[in-house]
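> Next come the chains, spelled out residue by residue.
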Amino acid sequence: MTGHDVVFVLVGLLTAAAAILTVTSKNLVHAALFLATTLAGIAGVFLVLAADFLALVQLVVYVGAVAVLFLFGLMLTRAPIGREALDNQNRGLAIGVSGGLFVVLSALIVDAVVGGSLGDTTVAEVTGPGIEDIGMAIFAEWVLPFEVLSMLLLAALIGAIVLARREPGDSGEEAMATRIDFGDAPPTEGTDSLSSGSLPELTSGERREGGP
Amino acid sequence: MSPLGPLLLATLLFCVGIYGVIARRNAVLVLMSVELMLNAVNINLVAFSNLLFPEDAAVSGQIFALFIIGVAAAEVGVGLAIVFNMFRNRASVNVDDVDLMRW
Amino acid sequence: METPLWVPLLQVVVIFTYYLLLTALLIWAERRVVARMQSRLGPNRVGPFGILQTLVDGVKMFFKEDVTPGMVNKLIFNIAPIVGVVAGFLSIAVIPIGGEVTLFGETFTLVVSDLNVGVLWVLAMGSLHVYSTFLAGWASNSPYPLMGGIRSSAQMVSYEIAQGLAVASVFIYTGSLRVSDIVAAQSGSGFVEGVPGWYAIPLFPAFMVFVIGMVAEAGRPPFDLAEAEGELVGGFNTEYSGLRFGMFMLAEFMSVVTMSAIVVTLFLGGPAGPTFGAPDAVAGLIGVFWFTLKTALFIFLFILLRGALPRYRYDRLMNLGWKVLIPVALVWTLVTAGMVLLEQEQGGFGAGLRLTMASAAGVILLWLVATSRTPRDAGDRADHHEVAPAPGDPAAGGDDDVLATHGEDVPRTEEVSP
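Chains as they are written, first to last, in the numbering used here: chain P, 1 to 212; chain S, 1 to 103; chain U, 1 to 418.
Mixed in with the good hints, there may be bad ones.
[Claimed, not checked] Stretch by stretch, here's where chain P covers chain S in the computed footprint (C-beta under 8 angstroms, at least three residues):
1. 38–44
2. 78–87
[Unchecked claim] Under 10 angstroms between C-beta atoms, here's a sample of chain S residues computed to sit facing chain P:
3. GLY20
4. ALA72
5. LEU100
6. MET101
Quick caveat, the hints were computed from the structure, so don't treat them as lab data.
Built from N, CA and C at the ideal position, the CB exists for glycine as well.
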């Protein structure tokens with residue numbers, strides 16, 4: 001056990017625990033926070049694996065943007081809490097599939113690494129390419145995938161705006177104001193009818209006049 | 001350092017992600033679980049390139065991981081936009097409730 | 001080469017003390033300057049010119065009753081302020097406050113850690129700061145804090161993009177993510193002899209974007225929508241009191257200092273400056289002087305903005321971020337890349353051409369800012385007359401109430417303690 005291994009075990013245990021809590025937590029916001037912890041832990045794993053640049057990118061993109069986006073998603077969709085509300089009936093199936101897969105995969109990995117079919121895999125000192133190497137490789141060898149990725153991001157940007165945007169005359173602002181959830185309370189009847197008032201075929205104004 | 005640890009951690013994260021995708025019913029939580037699986041793949045890629053093939057000074061693993069991060073960001077953006085739309089139209093983000101196209 | 005343990009310890013202690021000192025001075029200076037702008041006196045009882053007021057207030061905060069409201073999510077409620085302070089402390093770790101110093105035969109730089117990804121580190125810690133406000137708002141389980149938390153996190157995430165792009169043009173120009181390389185590349189004179197080679201000159205649009213973005217990122221007036229005491233009581237920290245509220249105050253003021261330090265480092269050469277032929281051992285300390293001077297300049301800018309400008313409306317804030325700052329920063333990143341490429345391919349181009357390009361860019365930027373007020377905005381303004389009260393407006397009882405304990409009530413005769 002080198003110092004590297006010890007650090008890795010600590011970071012890895014934290015990451016694994018946070019990941020398991022992410023999928024079992026009964027509170028949505030707690031789940032999102034555990035996800036952020038997991039992602040930060042993975043950044044730590046990258047640091048141990050001598051991938052500094054990737055670790056910082058992970059922090060900036062995942063912890064700084066993606067996890068915050070998830071938190072927004074949870075706030076704006078006003079989800080109820082409690083396991084019954086968040087989980088479906090498939091928990092047994094899920095445990096079976098994921099547990100079975102984990103057992104099989106880890107058995108294969110342990111066999112390959114410890115059993116020696118990969119040869120001697122223990123690295124004395126972990127090294128990784130520097131930032132210059134990564135930059136040169138991206139813009140020389142991998143420039144085509146890079147451009148495709150940028151097109152994908154542009155398409156996703158436009159697509160997300162188009163999807164999330166309200167049509168004009170959809171009584172946007174009013175419904176938006178009622179949509180913000182002020183806590184953990186499950187949605188009540190009154191707010192429900194308000195928010196479903198923005199059904200595409202039925203503007204909220206019509207709905208309130210005619211009544212459902 | 002042995003690659004055993006990172007690979008096992010990645011396996012665990014991947015399986016936890018699968019559990020989340022199957023067992024969760026809130027669409028945002030399902031998206032989160034997908035993120036876990038993508039991150040597990042990232043750990044694997046970095047571990048392979050830095051631990052198993054360090055002599056090539058292989059940048060490919062890290063570059064793949066960077067691409068995956070970019071794709072995941074795009075996926076979350078579009079995914080959450082779809083979830084918002086779903087919430088607006090059905091007042092629910094449960095994946096079970098979106099069974100209109102079910103045969 | 002083995003450095004003894006006391007060197008990193010000394011670095012950490014010196015730098016954190018320096019920043020805490022600067023933060024304390026900022027709080028005092030802000031109250032004095034804003035008071036002067038409003039024909040008041042500001043704190044003047046404790047110490048000469050009231051300079052120890054911050055210390056006294058800190059002690060007061062520490063001993064005040066710490067109320068935890070009943071319905072809050074206790075764990076997150078307690079964690080949120082700590083996250084803010086920790087992120088603030090961590091982000092200054094990569095900023096050098098001075099040059100190389102030689103002490104007891106050991107030569108070291110006045111920086112906690114010179115990471116090879118230092119610039120990204122600053123951005124990452126900035127994004128951790130979002131969690132502090134967001135979680136505080138959510139955990140309080142109360143409408144106004146939640147509004148403040150959501151507002152501020154949307155604001156920070158948006159302005160982070162513009163800031164990140166501005167920083168990108170810096171490191172494209174330098175060719176390195178290491179902060180010490182960026183500082184070194186700015187020392188000496190620039191493309192015109194006698195003018196310092198600070199990036200604020202060739203990268204002027206990026207500099208402007210960063211300065212505007214940093215005010216928003218620090219959540220300071222005119223972009224303090226997170227607190228907006230005229231609309232949201234106190235924003236995300238409404239439910240906080242005592243020590244934890246003090247931590248939020250500390251985090252906010254520290255982010256002002258941090259942002260000033262970062263902009264000085266990235267665009268104004270950091271600790272670089274004339275050393276007047278001093279020996280190397282002392283030159284590093286002269287760097288501290290220049291660094292402090294430049295940082296103080298930006299801190300003063302923050303204070304002036306707070307005293308002078310009314311709060312932005314939220315939709316206009318978002319418009320500014322997404323429709324002005326991000327396009328400008330994006331274009332300038334491309335232009336910077338083009339400049340660097342031209343320089344590499346053709347061995348550079350003349351100072352005249354560069355100046356022309358820079359001024360043309362400045363004109364484009366001004367044009368963008370000027371035309372960003374569309375007719376629709378003007379109509380909006382006519383409809384909504386309820387402009388938020390100026391944050392420093394004494395009649396509106398701005399957030400001065402929070403800090404000011406004695407200052408305003410004293411008679412208008414300057415009483416300077418001996």
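> Tell me if chain P covers the region 38–44 of chain S under the three-residue, 8 angstroms CB rule, please?
With 3 residues closer than 8 angstroms to chain P, the region 38–44 of chain S meets the three-residue bar; holds.
> Holds or violated: GLY20 (chain S) as interface residue toward chain P, Cβ cutoff 10 angstroms?
GLY20 (chain S) check passes; min Cβ-Cβ to chain P is 4 angstroms, inside 10 angstroms.
> Is the hint on MET101 (chain S) kept, meaning its closest Cβ partner in chain P is under 10 angstroms away?
violated, 17 angstroms
> Hint validation: LEU100 (chain S) versus chain P, beta carbon distance must be below 10 angstroms. Holds or violated?
Violated, because the Cβ-Cβ distance from LEU100 (chain S) to chain P comes to roughly 14 angstroms (cut-off 10 angstroms).
> Is the interface hint satisfied for ALA72 (chain S)? The criterion is a beta-carbon contact with chain P at less than 10 angstroms.
holds, 7 angstroms
> Counting residues of the region 78–87 of chain S whose CB is closer than 8 angstroms to a CB in chain P, do you get three or more?
holds (count 8)
Violated hints, in rising order: 5 and 6; the structure is consistent with all others.
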